[in-house]
Amino acid sequence: MLDELNFAGYLDLCAPQFRYRIFAHSPELGKDMLWKDLDKEEMKHHFELIPKHVRDMSSVMRFPTVYTISYSDDGRQATAVSGLQVFKTKLNGGDTKLFGVCRMRDVIDLHGKLPRLLSREVRMETRQLGTGTQIPF
Amino acid sequence: MSRTSVEWVNGPQLPVTHYVDSRIYTDEQIHREEIEKIFNKIWLIACHESEVPNAFDFRTFMHPSGRSLIVIRGGDMTIRSFYNTCSHRGNTLLQQPSGNAKQITCVFHHWSYDATGACVGIPRDKAGYGTRLCKENVGLREVKTAVAYGGFIWVNIDDRCEPLQDFIGNAFEDLKMEISHPLEVFHYHQAVIDTNYKLWHDTNRELYHDYMHYHNRLTGLSQKGYFDRVFHTYPNGHVQLDSMEIQYQAYAGKQRSLAWPGATKACHKLIDIFPGTTFILRAPSFRVDTMTPLGANKVLIEFRGIGLKADTPEERAERVREHNALWGPFGLNLHEDLLANEMQTRAMRDGAEHSYVLHAREENNTTHDEIGMRQYYAEWGRRMGRPPYDPYGKRIAAAS
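Line by line, the protein sequences give chains A and B. Residue numbering for the first sequence is 1 to 137, as defined by my numbering. Residue numbering for the second sequence is 1 to 400, as defined by my numbering.
Chain A with its partners taken away, still in its complex shape (with noise of 0.2 Å):
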């Protein structure tokens, strides 16, 4: 869905309580960072203020490899682990490099009709990204 900078499909996947983060360690400090830590609420306000501010329009694509999935006891919950590997696309000339890379724990409620998503935590391994992002991984 964020690849095709679809947010409000993405945000349809989320669960009313969802919350978003984003962490880093960082060597230099010996500590953790928190990058980004958003509510549904604050990712959509994040999400629309998106068009209103420049951006490089190079087209970014997500590569997740699923690690793991585990079930909660009661079968309501699961928590798929992850790689992720984000490669950007210019637009003018179309070169690919790799932007990031990053591991993911996303734990997903199964209770209702359709899974949706209650939290995703984002731990990245890539710390210089350059002219960085305003779109969430």
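Watch out, some of these pointers could steer you wrong.
[Stated by the list, open to error] Below, in silico cross-link-like pairs of lysine-lysine (BS3-like), each with a Cα-Cα straight-line distance of 27 Å or less:
no., chain 1, residue 1, chain 2, residue 2
1, A, LYS31, B, LYS37
2, B, LYS394, A, LYS31
3, B, LYS298, A, LYS90
4, A, LYS97, A, LYS40
[Stated by the list, open to error] Sample of chain B residues with no beta-carbon within 12 Å of chain A, all distances over it, derived:
no., residue
5, ARG217
6, LEU218
7, HIS368
None of these hints come from the bench; they were simulated from the model. Just so it is clear, the structure is predicted and the values come from calculations on it, not from any experiment. For every residue, glycine included, the Cβ atom is placed at its ideal position computed from N, Cα and C.
Using the hints provided, position chain B relative to the given structure of chain A.
Coordinates of chain B only, in the frame set by chain A:
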């Protein structure tokens, strides 16, 4: 009316202090000269004291000269800096960006040094060197170090340099109260950008580009008092801008509740230190940028988010959130600035004909006046011995 090639390269009809030749941003020879004449002789921030809080904590720092430095707190709690280079065979001593080392031992041949830079161990020294070499003569190369202006650790590799206080002068006068509290770095990230370091610093010296930032248009540009701020210039190329109150509610629907002690709520303050350090307080967030030029068209920028050591967990969380919303790698504003700089560089280096970059706005030194950049390039020209509007002396030669 569009311009011909001759008109394009002839430059604008403005005072020469009001524009620069774009080749000062793209010429590798000028870049090498800047390292020699500016960066190797000037005080630069290596890190912050909160990054080395305990005895024997160290940080490594890549100086623009290409030398890696070790910044280490000694057993006496004094912070000293050295070349990160073994006196024996020139090997890099410490690979890690940070750590704790009572003794720094080279992995190659196990020469070791203490936190004062003294050589304290040479394996089989008498067997190999007899009396021809002794430990006292092979200590590390020490670098001038000072901890000041908010607890930042400043270094200067020129042994004959002026004291840091003389270099800074009164440039921090307006931020004196705010940085008098013990500070702590909570955020650190680097960005390597395909641009010249001066273009990045220019961006931090002018607010005319607030038109680019949706956030700044709403919270500053369209607010009362925005155009009343005055730039103050200081010797050695430093500049400071008067503060104003940011109207966060115009962007995010609510005003910020957390302030910065010594400053008004939601205040914005800006201080630029020559040749590439910026302190920006946008309460409750505080950011410090430093940079290392990697070439004429490449710069490593280090971004630090600063909090108060006395912050409660709730206060710290708010500072982190506010900092990252705009200035983190996933923030909304920082991306815009960095992107604009890359686009500038792309335009300058792609063409066969150089252009001129204007710093010509005059508005009684107020918010959109480009005095900050004129002050910068006056200092740059003084140190480089080249006029930035005519870096190769061709126009001067043609005129004489």
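A quick look at each hint next to the structure:
no.	hint	verdict
1	LYS31(A) to LYS37(B)	36 Å, violated
2	LYS394(B) to LYS31(A)	53 Å, violated
3	LYS298(B) to LYS90(A)	19 Å, holds
4	LYS97(A) to LYS40(A)	30 Å, violated
5	ARG217	9 Å, violated
6	LEU218	9 Å, violated
7	HIS368	19 Å, holds
Checked against the numbered hints listed earlier, the structure breaks hints 1, 2, 4, 5, 6; every other hint is satisfied.
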